[in-house]
Every structure is written in C-alpha cells, then in structure tokens.
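*Asks:* Mind docking chain B on chain A? Use the hints.
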Amino acid sequence: QDNRISIWSVGDLGNVGLSGEYQGEPQLLCDIGHNGDVMDMQFLDQERIVVASSTGTVTVFRHHQNNQTLSANQRWEKAHYHVDQDTSCGGAACTGVICNNPEIVTVGEDGRINLFRADQKDAVRTIDNADSSTLHAVTFLRTTEILTVNSIGQLKIWDLRQQRNEPSQILSLTGDRVPLHCVDRHPNQQHIVATGGQDGMLSIWDIRQGTMPVSLLNAHEAEMWEVHFHPSNPDHLFTCSEDGSLWHWDTSTDISEKPSFLHQGGRSTTYSSHNTINQSVVSAWLSNDPTKDRMEITNLIPNQTLSVNSLDILGPCLVYGTDAEAIYVNRQLFA
Amino acid sequence: QVSILSAMELIWNLCEILFVEAAAAGPLLLRLLDWVRLHVCDVDNMVREVLSSENPSKHKLFWNVASIVDVFVLQGRMDEARHLLSKEASANPTSVNMYKILDDLMKKMPVPSLGNTQTLTEMELKWQHWHEECQRYLQDGTFACNSHMESICKILLGDEDAILEKKELMTTWYHFLVTRLLYSHPTVKPMELRMDLFLGGESSPEPLDTILMAAFEFEMHQVIKECSIALSNWWFVAHLTDLLDHCKLLQSHNLYFGSNMREFLLLEYASGLFSHHSLWQLGVDYFDHCPEYGRVYLELHIERIPLNTEQKALKVLRICEQRQMHEQVRSICKIMAMKALRNNRLGSALSWSIRAKDAAFATLISDRFLKDYCERGCFSDLDLIDNLGPSMLLSDRLTFLGKYREFHRLYGEKRFSEAGKLLLMLMTAHIAPCSFWMTLLTDALPLLEQKEVIFSAEQTYELMRCLEDLTAGKSDKQKFQDDDVETMKVEMLRLALARNLARVIVKEGTLEGS
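Protein chains in written order, with this note's numbering: chain A, 1 to 335; chain B, 1 to 514.
Take these hints with a grain of salt, some might be off.
Said to hold, decoys possible - Label-pair distances were calculated between CB atoms; the ranges are:
1) Asp386/B to Arg161/A: 18 to 28 Å
2) Leu279/B to Val10/A: 22 to 32 Å
3) Leu216/A to Met338/B: 50 to 60 Å
Claimed, not checked - Which chain B residues stay away from chain A? Per the calculated CB distances, all over 10 Å, these:
4) Ile4
5) Glu21
6) Glu168
7) Gln450
8) Arg494
Keep in mind that the hints were calculated from the coordinates and are not lab data. We put the CB at the ideal spot given by N, CA and C, even for glycine.
In isolation and in its complexed conformation, chain A is listed as follows:
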C-alpha cells in the first residue's frame, strides 16, 4: 500500500462557474508517504499537521510553505498498542486525534487516551484502559476537559487536571448500546454536543443535564463517520455516512417563515442572515421538538455511490472525501 499525506491548493475564487462550483482543478502542492491508513488528522497550527495511523503511530508533519514540502517533524510510535505483544493480533489503530496547541490528545482501539505536547518526546500523560471497548473519537470540551465516545454507546468526560484514571461523568444512549463513531462540540455553547452512531442516528446532548441525549434524530442508513458544527455558523451541522450521503442540518430558519421541508438533492438551502434572536439560537439544537418547520435538512450529494468518509468546513467552504477515491470541494456553501 502506498498511502500519502497530500496538500492541495484549490486556487482562488476567480473561476466560479454558473452553478457555483469551482471550475478549475485542485493542484497538488506536495505530499509525503505515510505508514498505515490515515485514520484522522488535524492541523496543530499554521504549519503542523497531526496524523493518526492505523499502525498506532501518531506523527506530526510540518508543511514548509516556502519550498512546498512536507516533512515528518515528530513521531510517537506505538502511541496505541495492545498489551501482550505475543498474543496480540497486530497493532492497535489510533482512531482519533484532537489538538489544542500545544496539546494533542489521541484515542485508539486499545481503549487508551494519550496526552502529548508538541516537541516533547514522551507522552505527558497516558490513561491505560480508559475504556474496555474501542474509543472512536475525542474532542475538547474545555481546555482541561475532553470528551470521548466508544463502541458501547457511551460518552465519557475526562478531567485532565485530576490524576485519577476515571471519567468524571458517563453519559449513554437509551436502549441499545449502539456504538458511537464521532463527536463534536458546539463552538459557542460548550454544553451542547452532537454524536453520530453506527445506525446513522444523530444525537444531541446537553452535558449539564442528565445522562441521556436531548434529541435523537434518525438520519443516515449506515454508520455516521463524522459530525461537525460549522465553526462560525453553529446553526449549521454537517454529517457524512457510509451510505454515501452528506447532510446539511440547518436550524437557522426564521420561525415566522413558511415551514420548509426536506429537499432531495441540490443545494437549495437558503441562508437567512444570522438573526439576533439569541434565545431561539440557543435552544435551536436543544429544542425537544425538532419538527420539520424549524430544521431544514439537505442531502448535498446528488448521486451517491460509495461511503463519504470524512468532511470539513470553514467559512463558505465544504470539503469531503469518498471511498470512490474522490475529493469534493464546494466553495459556495451558502450561496
């Protein structure tokens, strides 16, 4: 296998066609080989990228902008591994990584949580056997608190200031313990968290209240691989799934407007300007009745085939990658 980390340039906004899609081809700026599958990656700062590998290694790559090259800056081999090397069947994949410069937190199939600091050779802290099942994803709740999701449907909050290796709080789904694959926190309101499950269900949680999700929304027909709140317009949520679809969840519609319903295909979301009614914004995700006339859900992929494995959003740009070896860039998300 020849897996590579690549950096592409998608050029400027000059060549925008009629349908709002970018007309030119993305240009490959530089790439570098990677050992194992890339399970997760995130920018640590303007130049450095942290990559989680299926071999259990966590690597920090540096992108040199002046000569457009990538180099491996730092590597933590065997950040994730199974204890008994003799009986263990291969390495343990590192499934998730989250950064808050200079701190890096990783989780893996070995149920271990690692806290690294960039430029420090050894892990700052390791919580062995934090979970008896696989940890699928991690995110920062506060600067000193992280949130993990696992394959028995539990959300665990860990307080990194405390030395004991126990979660400070455990929340779990009602009913069947469906594995949770992804998690994201609301950018402004730290108590609102969204998770995606193996059955494609989107759950919204209020950390302050209770141990069960506030709302469960039937979404995809297969595993939901990633969920992201839009970083600057948190009324918008994006989810992608093994069933090949990418959904845009929009709670920003004005209450007084005519109720709008589910659209099939096309990007027909009308983005109304961020209204000043803070109360409705606050409670939009937490409302117990996410009825159709308050939330607009759009599938952004007209002809879906294979799984959409990953997505990311920033400003008006949406990027997602599929199993069909394709990467899609949409630079006019709210047009």
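*Replies:* Just chain B now, kept in the frame of chain A:
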C-alpha cells in the same frame, strides 16, 4: 503501459464498429476510416511541426510535405491533402495545370454518405464514373512529368502496388486494408471484409494482429479468446464481453464453470479485484451483477478480506448486511470479537457480539468476566457491566453478570433487603449457573450475619434448599475430595442459615402476636 492501453482502445473501437454498431455497407467504410485516423497514424503532430517550420517544401525531416500529402490521401482526408498540395503546386508554377486536374479529381471523389441521401447503387455508379475518369487521366499521361502526382493518381485508382509503395507511411496492415478498400471498393459490406497481410512473411503475426484479424472475420469468441491470452488481466476482456452480451451478440453456451462466458469473465475479474487493498469494494458491485454464481463468490471472498482496522471491518459488515449475508456477518463479528478478547478488550468483544446477535459469544465473554471476578475478587471494566442496558438480555450469562453486579452495587449502597431478594432470585430463577451457586451462597453469608434480619423465613428455607441441592448434587467421591475449606464453608453456611431461621421465626412470631 501506454501501448497496451492504445492497443486496447484500438481493439475496443473496432469491436464497436463491427459488432455493436454493426455498421452497414456505406457507413462501414467511413467508420473504419475514422478508426484508422484516430488510432493508427499519429500524423498530426508531424504535420504541425512541418507546417510550423519556415520552408515547408524544403523541410529536412524525413517527413517532407510530399509524404504528408500521401498520408492524407491514404487516410482519405481529401480536403487537407488538397490544401497542402496547393502549397506544393504554388512552389512549382510549371505544374499548375496538372495540379488543377488532380485537385479536381480529388474534390469530386464520391464518398459514402452517412445520412441516407443516396442508395448504395447510386453511390457505386458515381464511383464507377469517377474511377474511369481517373483512369483516363492516368493513361493519357497527364501526370507523367510529376512522379508524386502520378503516384497519387494511382493510389486514387486503388493500385495495390502504388499503395504498397507507401508501406512506411501506413505502418500497419490494417491501415493498408482500409485504404485499399477505400479506393477499390468503398461500398464494402461487413461480410466482405477479409484480412490480407502485407507482413512480407518474415514475422509471425503479433497477438494484436491475431485479435484484429479475428474481429474482421466476425469471430467474436475468437476475439475474446485471443484477448484473454494476450492481456495480463481480465479487465479489458471482461468489459468487452459484458458489452457484447448486453447487445445480445453472444450466444450463451452454458459453460461448465461460471455459467456463461460473460459471467465467467466478470467473476474472474472481480476475484482479482478482491486481492487489492482498496479495490475490493468495486469487486462487490461486479459480483452483484453475476446472477448465478456472483453471490457464492462474494460470500467466499468477503470473509477473506484482511481486516486490519475496525473501520474496515465495519464497512465489510455493512456490505454483508445489505445483502442479507447473515452467516458472513456472524463469522466476521466472531473473528473481530476473538481478536478483541485476546487483546483483553472485553468491551469491544461484547460490542461485536451484540452486532452479530451472537448469544454464544456473549456467554463466553461473561464467563471471562466471572472468572476474572473469582480470581481477583473484584470486577474489571465496571463501566461496561454497569451500563449494559437492554443488551444484557442477549445471553443468560450476560444477564446474570449484569444482575450480579447490581447485587454488589445494592450491597455497597447498603440496601440489604433488596440485595438479598436479588441474590435469592438469581438462584431460584436459575439465572445463575450452578457452578456459581457456591459463590452466591458465600455472598449471602454477610447478609445472614447482619444484626438486622434480612431474609424472611420463606427466603431462608429457599436458601437452605439451594444449599442442599448443591451438596446433594455432589457424589460421595467428590465430597471426599473436597478440601477443608469447602466443607467448612458448607458448615458455616448451615450454621448461619439455622441461626437466621431461628431469629426470623422469633421475629415473625413476635410481630404476629402483637
């Protein structure tokens, strides 16, 4: 690599013309001309180079203008030939007359039309007249002074020797075939195509040649067979056969293996895909389209994909579930659960058993937990056992594990009567395995020894009955082998139960009295 791809394109296009489109006489030749122009002669680059140089007629390259004109003529590109020829003619003012005549002939050449504006017979008639006109000019010696123009005229007449002279410009025998047809029999019918080699007999036919020959002779099966032999993987031949099959051109003989030719090739190709680390997902779709053996092949292949990460396993499982391949789901989940168990990831193992609804494996995992408890005296992975939820019901052992943990929790919270009730229920409802009864009874000891009376008379009798069941079950030999600890335990239990019974009778008697 590039040449294989162009060879494939060549074969594919020819098959399209001859088989799929089944071009009839008339358009057939036009299609073949297009085919030749597209694939055989890469003359356009040369042309650009020559024309862009300053003095075209005196170019030093081997390919001078005259050659290019010849190439155009050989490919039936009359307009371009005439254009270049005019340049050549303007350089030689003496041959203006000759040029005009030749130009005229070339302009008037009848070609089969695509739309049905003329019938074949009309076309043939026109062509015959034109052919005779060319003949006359040649015989009159009109072009005698200019050898180049003379040779062009001969080519127009379909003179084989003249055409053969330009062997190097045509490079391949099929170009020659098409050119010759153009100038001798433009209304050729598909069945009249016959291959003629001009290989000169020195070399034996290349694989590509044999394939093309078979195509010209309309032997589809031969084409498929030769392609299979010549090419190193099944990609080309599988898709070609699929196309021909969809056009209903292949008679379906039932093969002894792989049902029919198309399915056999698709199965072979898809099987090849499965050995690739990421293309196996495409293989699935191919198997889906093989009606007879596709599913069996898929079932066998999908179990053997190496699962190096859980995410990959999940993708494979999703594919199996979508096709109701329950056996495979169970088998893959079992593999993943075993791996997890060996790595001591009990929670993961349980989550895989739940996915497969595998009660037997859940029992195995619970036994593992219970064993750990007996050895260490405490539970590992409490986060898992405490939060089993409805999945507890997957297997009896798992239910027992959950309930047993609950007993410990109640005890820890000092809710003794509830704990006692639960403990008893575990034995009487036979949720607990017999092997565990001793441990449960031993757990009951502290409850019996409490200052407060926990168990009612009824319950105490039940406990005694359980103890007796347990000890009665052992044979004499076992009793003899029991070490002192065991016998002491039993004795202590009997004592505690008796004492409890005494107290509770008194207590219950007292209450009733007042």
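*Asks:* Hint by hint, note whether the structure agrees.
*Replies:* Results for each hint:
For Asp386/B and Arg161/A, the Cβ-Cβ distance of about 25 Å falls inside the hinted range of 18 to 28 Å, so the restraint holds. At about 27 Å, the CB distance of Leu279/B to Val10/A agrees with the hint of 22 to 32 Å. A hinted range of 50 to 60 Å is violated for the C-beta pair Leu216/A and Met338/B, which are about 32 Å apart. The Cβ of Ile4/B lies farther than 10 Å from every Cβ of chain A, with a closest approach of about 22 Å, so its non-interface assignment holds.
At roughly 28 Å, the least C-beta separation between Glu21/B and chain A is larger than 10 Å, which holds for a residue marked as non-interface. Every C-beta of chain A lies more than 10 Å from that of Glu168/B, the closest at about 40 Å, which supports listing it as non-interface. With a least CB separation of 30 Å from chain A, Gln450/B remains clear of the 10 Å interface cut-off, as annotated. Distance check on Arg494/B: its Cβ is at least 39 Å (rounded) from any Cβ of chain A, clearing the 10 Å threshold; non-interface status holds.
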